[in-house]
Structures are given as structure tokens and as C-alpha cells.
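Following the hints, put chain B in place on chain A, whose structure we already have.
Line by line, the protein sequences are chains A and B. If you read the first sequence in my numbering, its first letter stands for residue 48, the second for the next number, and so on. If you read the second sequence in my numbering, its first letter stands for residue 1264, the second for the next number, and so on.
No wet-lab data here; the hints were simulated from the structure. Built from N, CA and C at the ideal position, the CB exists for glycine as well. Among the hints, erroneous ones may be present.
Just a few of them, taken from the derived set where beta-carbon distance is under 7 Å, the chain B residues facing chain A [what the hints assert, rightly or not]: (1) ASN1413; (2) ASN1428; (3) PHE1432.
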Amino acid sequence: MDDSAKQVLRRIIRRIPSNKLQITLRKWECLSKKQFRSLDFTQPKWLICENLLSLCEENDLSLKHVTELEMIFHIEHPTQGTWYVSQLIDAEEEALTSDLLNFRESFKVHLKSLISHVSVKIKKHEDDAIWIRIAWGDNFTKPNHFKPTYVVHHLQTPYVFVTGLAAKHRPLLHQALIPSAHYGSIKDVHLSGRCLTALRDLLMRRYKQVFPEKHPRLLEERSPLPSHPNIENEHAKHAENRLQMAAEAFGDGMLPKLQTAVYKLETSNLLESLKYCVSSGMASAPVTPLLSSIPRKGRNYFVITDKGPGINPTPGPNI
Amino acid sequence: MMENTIECPREGVLSHLDVLEMEALKLSRRQQLSLQQQSRVDDLRIMVEKLRAQRDQLKARVKTTMSLQQLKAVIDQGPEECDDDGEEEGCSGSMQLHLLLLKARQTQVKYLLQAHHVIGGYDVTETRRGQGVCVSIATAFEGCYLETYNLELDVTRTVRICRHNIPPFIPLEKLVQENLQTDLSNFLSTLSQHLNAFAGRRQQVRLIQAVLRGSVKVMESNALFNTVVVMCTELGENHRAVLCTLEYTDLSRYLPTKVTIESEDKALPSSPQWKENQSLLLETPAHTALQALKEKGQIA
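Excised from the complex, chain A in its bound form:
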């Protein structure tokens, strides 16, 4: 095991929380049962790390095995860093039949033809996701294993999730990805977040969406004697209607966890447009404070949090 491999291992162990260390190392399967038992996980992390390093020396493990450990941790905890989503477009016929072996082969060949020093590791996760770890170098330097890029792609779908990608490597990744996945091109879909599974569920529609359905059960539940002039009934009906509308717009049950959204409203005169929306009846009155705050507070950057209905005092000019 050379120094760089040791350094990478130290860094990985530092990043894995103590309570996750044992389970991650067990999944790694690079230590014998006896070796694994010899590790005392109640010790401080630096000490565990030193013991682990000597075990790795014993087993003659290399950088390849170390990056494997990093991948295992990332796959189990896909909330490290921000994930950006791209979408492959213009699918070819083969896109529907591509398999892991062909994809792996093709991706490595394409990427290595574009850049000489690059280290690629591809692994298939249980949920059919393909995980790609890329350590980039350039023509004169070795691949940098401290700042790898992670790419997650589900074959036969057009979505690509990327984290830790430098702008200069972006075209290289795209050039390798497009032909390997059998598509014509790729575009940014303006979706990002810390939680990979949330982004995936949102795009692959794996969360429970609600559709207007003509189900007999629903009808019975929904219409509590329409001719009966009961105020409570009326209110219940409205409340139910609101719930249904909310569910149809956003879904039901556990929703994908997104932390931020950016709306960019672009027009020659935003305030004039907003005013027209209200005066023409396109937007309902009274105007939401979200919009009326722009002229009132003299700001056009707002942060909305869970705490309350109002707008939090993010820094802005004093008027």
C-alpha cells in the first residue's frame, strides 16, 4: 500500500461518522472475520484508522480497494454534497436494451480516449442504479482521489445525477456519457438538492401522486348529501376539496425532500407584470406578501423557511 492510498484511506475514515464505521467496513468485505473482530470500535477514530492501515498492509490492499470503501459509503449515504440533475435527450433504439456490461465498457473507453489520466470505477447498486466514481487527473498529473466526481445513472432512463463535478470536467463527462447510454445529447434540467433519493423519486415519479379518479369508494366518501344545507357539511366539503387539490398538485404520503427552489421571474418590468396579474384577475387578491414585499421592502431576494407564514429577515437594504 503506497502513501497516496494510505492518505486516501485516512481521509475516507475521517469522513465516515463513528457510528457508521463498523457497518461500512463489514460491507467492504476486505478484512477476514478474525481481522474484523480485532478492531475495537470503541477506540478513538485515529487509532482505529492506524489499526486498519496495518491490516490493509497485511492483506496487501491497494488504492483500488480503498476507493471501493469510499463508494460503499457514498452509496449508503447519498447525502454528501449537492447533486445536480441532467437529462439525456434524443434516445436511440439501443437505449432501451443497454446493459451494465456494455455501458461500463463503453463509458471507460470513451472517457479514457478523451483524457489520459483518469480513474473510473463503476458499480451497480441493488436498485438498478449505476454508480460511477471518477478521479480526474490531467495530462501531467495523476488522478486526484481526494476530489472524486460521483455520477448516478439508471439505465433505460434519461436521468443523470452528478455531484462533485468541476466545470472543466463537465464536457468530458458528457462526451463519454452520451454515446455510452445511446442518446443524442444532454441538457441541464435545473434540479438540484442534497438528497439524491428525493431527486430520483421526483423525476422517476416514485412518490405517491394523486389523480382525480372516478372510484366508487371515493365518490361515497366525497359527497356527504349535497342537498342538505348544513354549514358544517359545506365546510367539510371545502376542506376536503382543498386537501384533494393539494394532493393532486404535490402528491400524497411521504414527499421527496427538497430544500430549496429558485424562481427566476424575467420580464422587462416585473412589477408592472405582477400588478397586471392582480388587476386583471389572473392572480387572486389580496396579493400574497411574497410578491407585494418587493416594492414594500425594496428587495428581490427572499428566503422562505418552515418557521412561519411571513418572510424571514434575510439581509436586504433598509427602507
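What follows is chain B alone, placed relative to chain A:
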């Protein structure tokens, strides 16, 4: 009558003629009477027929009115129809009847759709006050209901999909380009075929994993379940492992278009027995075919 005339032959010819004349008169009168009676009976019969027809007509009318009223009641119970009660008062009788007939037709269509849905077809619901429809497509395999997928369509100008929950690996885009605008029902039935075939292929893999656990192992399958690799052990002399690769090129079918058999024993795939097994896998759902091979003692 002849007997009466024969009874009194002795009283001379004239008196006999007289008697005959009387008899003839009597006879003609009686005949006239019976004729009159006959025609009266006929008249009455016609009258009865007429009345009967009238009665039947009235009965039919009562029946239609009642069924129409029932239909109207059914429709009025529907949540979206509550608001046209007011207008109907002003309508003339024939207009109202026409309206009711239209409503009856609508109800009939609705029931047909419901029946279609019950037998596994798609269900259509009106949304956004008639500007859109929501289509739900149920999937099933071997009599077992699986997922239901939904599409909300905007039908105001051109048909457009607003939102849906169809998995991204179903080639929806291609099906949309083919005939969403031109032939909606064809589009829906093709989509339904794709979804049912996908659900069926996935269900076969699930059944192999559940029913043939420990015997057949699913080595590889993909999101669309159009390439499935299973491994089993042949029960011959050497207990060789056999890999069966099932490829489904026709995505609207749940049966494979190509089956490849591989084994360490190079002669095995071309043996008559495995040639037969190969064609069985092409014609039968995978879990049934493999179960049959197991029962025949060909695989462990």
C-alpha cells in the same frame, strides 16, 4: 228447416207454399240478424284491439318517463351535474326530453366506461370542468391486479399530457409522437399494452424469486425487465449450471422474443431436451416454464 216442411205435406200446395214463404222470410230475418250481430262483434273486436294498443302505448310511455326520471335522479346525484336544475324549469317539453335523452346517453357511456374499467380497461374521469380528462390504466397479470398508472390530459386545443406517473423507462415519448394527436384510443391501448407487458414481465421475475427460491436464481434484470438472466442447475449426470437469457424485443409483449441457453457443457444447449426447453420458454411465462422443468426433474 227441411224437416218442418216435410211434417205437413197433406194441406195442399198453396198452403205449403205459404208455409215455405214464411219459413224463407223467417230465415232471411234470422240471417240478417246474425249478420248484424257478427258485424257488431267485429266492430267491438276492433275497438278492443284499438284500446289494447292505446293501453300498451300508455304503459310504454309511463315506463319511459319513469326510467328517464330514474336516470335523471342518478345523474343529479353525480357531483358535477348539480347546477343545471334551475335551467330545466324554463325548457319546453320536447327540449327537456331531448336533454334527458342526452343525459341518458351520457350515463350509458359512463356505465360502459365503468364496465370497461371493471374488466381491466382504462378508466376516464373528467377534470377541470371538461378541459381535461384523467385516464387511469390498470395493469394485471394472470388474473392478478398490479399497479394502476394515470395520465392527465389537456384536451382544450390539441391533446397534451399535463402530468402522469408512468415510469421513465416506458417509451412514452415515442408513443406520443406516434398517435396521441391522431388516434387517442389507439394511443391508450398501445400504452396499456406496454404497461401491462412491463407489469407482466416484472411479475414473472417476482414469481420466480418467490416460488422457485433456492432452485432458480435471477442473475440479472433491468428496469424495463426486457433482459432477464436466470441461472438453474441441470439435473443430469454432472449437475451443470445453466444460464437462460430471456430477451424481450417487443416491449408490448410479456413473452420473450429470444431465449439463449448457455452452459459449461457446450453440447447441452443443442441437446434435443434443451431445444425443447428453449421453445417452452419462448411460449410460456418464465415462472411457469421453469416450474414445469423442475417438476419434470430436468432442473434442481
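Here is what the structure says about each hint:
1. ASN1413: Because about 4 Å separates ASN1413 (chain B) from the closest Cβ in chain A, which is inside the 7 Å limit, the hint holds.
2. ASN1428: 5 Å, holds
3. PHE1432: OK, holds: PHE1432 (chain B) within 7 Å of chain A, min 4 Å.
Violated hints: none; the structure is consistent with every hint.
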